[in-house]
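*Asks:* Now that you have both chains on their own, put them together as the hints suggest.
Next come the chains, spelled out residue by residue.
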Amino acid sequence: MEEHDAWMQKAMGYAQEALSNGEVPVGCVLVYQNQELATGANRVNETKNATSHAEMVAIQKVMRWCVEQNRNQKEVFREITLYVTVEPCIMCAGALRQMGVPLVVYGCSNDRFGGCGSILNIASDSLPSLGPGYDVIKGVLAEEAVQLLKQFYKHENPNAPDDKRKIKQASAE
Amino acid sequence: MREGTCVTTHCIQSAHIPAMSEAVLVPVLTDEYFRPVELVDFYVSNILDRRKTAEAVKLLSDCQPLGKFQHLKRVRNIGGKDSPLQILLCPLNKELDPNDSTLISDNAAKDSASSEVLCSANPHAQKCVLDADGSVSNWREKTTEQSALCIESFNSEQSSDLNLISDSCRIRHHEKSTFSQSCATINGNSGCSAKEISQHSVTNCKHDCTVKEKDSCQTGCEADGDSLPQRTRTGVTVRSLLQRQVQDGVFSKPYLVKVPRHGPLTRKQFEETKLYWPVTFHEDKRIAKLVSGKFFTASEVNQIKAYLQQADVMATHAQQKGQGSVGVVIVDSAKDTVIARGHSLTGDNPLMHAAMVAVDLVARSQGGGMWDMTDNGMYHLPVDSTKDPAAPDVTTETSSKTKSGPYLCTGYHVYMTEEPCPMCSMALLHSRVSRVFYSQPRRDGALGSRYKLHTLPSLNHHFDVFRFTTHLHSQQIAS
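Just so you know, the protein sequences line up as chains A and B, in that order. The first sequence lines up with residues 1 to 173 when you count with the UniProt record's numbering. The second sequence lines up with residues 1 to 479 when you count with the UniProt record's numbering.
It is possible that some hints are incorrect.
Unchecked claim - Only pairs whose alpha carbons sit at most 27 angstroms apart, straight line, appear in this in silico DSSO-like list of lysine-lysine:
(1) B:K274 to B:K58
(2) B:K335 to B:K294
(3) B:K321 to A:K74
(4) B:K58 to B:K73
(5) B:K268 to B:K73
(6) B:K68 to B:K268
(7) A:K61 to B:K321
(8) A:K138 to A:K150
(9) B:K452 to A:K138
As the list claims (entries may be wrong) - Derived DEER-like restraints, expressed as beta-carbon distance ranges:
(10) B:L66 to A:Q9: 53 to 63 angstroms
(11) B:K68 to A:E2: 48 to 58 angstroms
(12) B:E272 to A:D5: 53 to 63 angstroms
(13) A:P132 to B:I287: 36 to 46 angstroms
(14) B:S333 to A:S129: 29 to 39 angstroms
(15) A:S126 to B:F295: 30 to 40 angstroms
Treat the hints as calculated values from the structure; they're not laboratory data. Just so it is clear, CB atoms sit at the ideal spot from N, CA and C, and this is done for glycine as well.
If we strip away everything but chain B, and leave its shape as in the complex, we get (with noise of 0.2 angstroms):
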């Protein structure tokens, strides 16, 4: 096909782009907005006087502010309308005194009947736990060798701790059973820090999960032997107020569940997130138009497959004269007009790929340009064209300033059969392109694959990227 020649949008075959009618734009975001619930250990109690619940959640805000885990809601109900409140009291922390004489064994001794209701007779107590991570009711019967190490880890003569740690511990042992596939039951198991978990990718997961449930029982029981909280701001410690609270019979001892550590993002997480503890959630609007698949009108889809298609001419092109087959068209969004159309040409030069080649051809539009092009299949805007017809003749040298005059790439679309390499993607954003669509992943690209360049918060400038996949769930598969 010649330069110049209008590609007609009608269902081109190719190698370079999937097929037109079955593909999707999918947005390429950071992992946060695909990454599924993960959970932590968090202290709860159950409020036992369901009238002193506005006064113990505000006692307990003052001393104990939620901090990082703002997106849960203080106060869950756990079942029917008679069935107890639980209310959050205090992260599982591993930085806290392991001597420190906790509020379960300072009253053990004289509320060991009491808790021994909490632990075995009201079914509350555990019912919640189970239902929080929704598994199945038969934890009762995995009292197991484990529970039993366990409890002989644990360094306290009250029985009814004991209970109420190796309850605990037998939960947590049946979760691990139950919940292969999340990355927070690890966490929550083997009571390992937020980094630590943090490093885990998905794809580890199951695999730490069977590796790590061996000794991941122990290992949480040693973690509750640390127990509550220290001195918080106002000087009165958690612990301090439950024992209070405790001996009053406001709240119940206090036992573990697991809550979600992150906020949900996008609406399909703030669904999964809410089955394990109430959350709130803000919507991002223009995230949720992202990744609705609505974020582009039908017309606009069909432009951006045009240009696409152009750029599949381009690679065509690139494929026949022995250059990387990768073809790109840059257009000036605002005009809807073509700035610059081109090809790889790594075959005269290594670091001449596609999108170094675009952005010298825009550089050309503008009357610059720094490579040695001799291919003459290129094409960009002439010179003078680049000029707004409309805006007023500046020839002074701050012309740049009034923004009369294109600068670089700025709000350009960039459109490209093949993702960018970390050069291009930089260059891109060096140039200032406002969005980035591409149809193939590339291995060790960076904006999806290896790296999501356009996302990284350090960088001056951003642009969305938006990958042309049959693939619906791609990126949650490469992240």
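Chain A on its own, in the form it takes in the complex (with noise of 0.2 angstroms):
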């Protein structure tokens, strides 16, 4: 449990950054044989893609560090663990399950978009061409998350026009 929280932790601080770069304030860690092997957050505004979320961020650097490093992508994200502030959204959650992640690990949930339970669950749900489900742990350091996602949204997205990934927090269990 004190390791889930130290890495969250890590989590959190990229989460920050999204934060001060005026972005929603979701970060994540993708630990391989225990060591940080990339890290993410949200890049939305900064891309103009609504699907630059942290994890898709991380994940895109696992995948360039795969091709610089001769290794096999599907053997390496065998072995990943993801610690995300907020529950993956559904997006995301389909995303780790092609990638065959075996463990996420995450904060608060995400009841507006989450795609590991809160709105469905991609992640033990029976889809069988996604590959096989994952296992998660809810509620590291939520209260933590919603904190910063509050502070996110007491100033308005000022990229957004409408009320665009407003995560709100629910159970943090």
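*Replies:* Okay, structure coming up:
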């Protein structure tokens, strides 16, 4: 549990970074063989691409790393644990499953878009074409994650005309 | 075909989309628009004194509002001019105290004579039940061992009540043999709860029916044993009201009929639902237009086909390059301009499905982008041209708020050769597209096959989805 907290604390740092960049404060760390392999923070506004979530950013970094290091991508992802401050959305949950990530640890639930149980359960529903499901641990440093989101939503996202990606706190167990 | 080449609409046969001449656009809607009529047990009485109808309706509405059965009309005429009216009392309620001495047992001794008239001599009491489900008339011969069982299981000494109960039992037993296709029948027969029923998928129905048939008569009867209603908000129970009405000769003794659980959402459902009980129907004009097959004009259909064919050409390119053979085109519908044209790049990156690629191409048309894309066979509108020349040149950071420039894929239409997976469907939703057209369903697809993401009420953005198909009833089959 302490280990989870420590990694999550790191992820929280990247969420902070996103916040200071005017992005929705979600951060993540991909841990491979007990090492930090890649980190990610939301880059939606920067990339003008609504799919630039922290998880996607980090996954892409691992892909690049695999190319550079000439490593088998599939095998690497099979040993990765994702620590992310907010429950992955349905899109990211699908991406994680397709990459074969076996374990996802998240902070607060995402009752707007959550794909690991809140709206849909992409993590464990029977979806044979996406590969096997993965395990989920939730509620790690949930309160901190919520506080960051609250800070963000106090100041409106200057790039979003509507209530884009509004993530509310749900039960943090 | 080279990038930017205009594709004609003339009947191109393709592996990715159906033959254009035969295909139609089917809206992908939630299952409730296609569900068959589901029936539930409801207590009714015959109104023996028709002059008291209005008064009775008012009294009942006060003490037992229809609630979630608002779609049902309170009273119906069973047959001709002189036949009695049937009035809805209350749904069969499992939460009732089984030890509550009901109207039936309270009055049994006093009313045995009159109830016998009802049960045996008055043909309407039974006939109407039969009318309600449209089944045939030989129920009387169906006095089976099962109904005998029912009588035994009903702990009462009042013969007239037993008649009533066993009648309804027989009738229900009879229905079982004629209504095996209806989910609702299972519900009514086994007396199981709404939740249990809603979990039955249509495909399981037949199976369940045959399995449950063996014991459903008895369980149905036990549910009957619970019988009538408890206290309502006005303090007057339906039971006490009924006691009075029955004693005064206004109402017949209550019995069960089957009524539709849900109000109709489409005209087709309305036509089916009203066969069981008169219902109100407020047509949703938009839905009506969507399911009518006339949502698009002929020229719009041609335009859609043309874009789907462009997507198809991209899919073919992808296939030739050893990528996943899915193509996609994103169009600014207001200006009828192609913003992005691309295909799957899963050969390079397992997450670069066609929709993910296209969303990033749109981002590039706005000066953004996130993926490493080495394939140069993709198209996106050049960055500067996405700025509306008519819009004032706003250079401040708040420019996107004024909606003068494009924001993500807001208002764009997406044309795909294949249904997007959950990841891609959510990517399109995050990107705020307004319509998605696709031709081939996909295993675990999230816009119709496995989920209908675009219809989930909890999500903050919704869009319309149309499937281009030669299979007219594919949706009903799929759901």
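*Asks:* State for each hint whether it applies.
*Replies:* Here's how the hints hold up against the structure:
Straight-line distance between C-alpha atoms of B:K274 and B:K58 comes to about 23 angstroms, which keeps the hinted pair within the 27 angstroms bound. With a C-alpha separation of about 23 angstroms, the suggested pair B:K335 and B:K294 falls inside the 27 angstroms cut-off, and the hint holds. A hinted pair counts as satisfied when its Cα atoms are at most 27 angstroms apart, and B:K321 with A:K74 qualifies at roughly 22 angstroms. Of the pairs offered as hints, the one joining B:K58 and B:K73 holds, with about 13 angstroms between alpha carbons and a cut-off of 27 angstroms not exceeded.
Distance hint between B:K268 and B:K73 is fulfilled; the C-alpha atoms sit about 19 angstroms from each other, no more than 27 angstroms. For the hint linking B:K68 to B:K268, the alpha-carbon distance of about 21 angstroms falls within 27 angstroms, and the restraint holds. For the hint linking A:K61 to B:K321, the alpha-carbon distance of about 25 angstroms falls within 27 angstroms, and the restraint holds. Between A:K138 and A:K150, the direct Cα distance comes to roughly 19 angstroms. Compliance with the 27 angstroms bound is thereby established for this hinted pair.
For a cut-off of 27 angstroms, the pair hint linking B:K452 to A:K138 stands: about 26 angstroms separates their Cα positions. Checked against the hint of 53 to 63 angstroms, the pair B:L66 and A:Q9 passes, with Cβ atoms roughly 56 angstroms apart. Between B:K68 and A:E2 the Cβ separation comes to about 51 angstroms, which falls inside the hinted range of 48 to 58 angstroms. Between B:E272 and A:D5 the beta carbon distance is about 57 angstroms. The supplied range of 53 to 63 angstroms therefore holds.
For the hinted restraint 36 to 46 angstroms between A:P132 and B:I287, the CB-CB distance of approximately 38 angstroms keeps it satisfied. Distance hint for B:S333 and A:S129: a CB-CB separation of about 30 angstroms, consistent with the stated range 29 to 39 angstroms. Checking the proposed 30 to 40 angstroms range against A:S126 and B:F295 shows it holds: the Cβ atoms sit about 33 angstroms from each other.
Violated hints: none; the structure is consistent with every hint.
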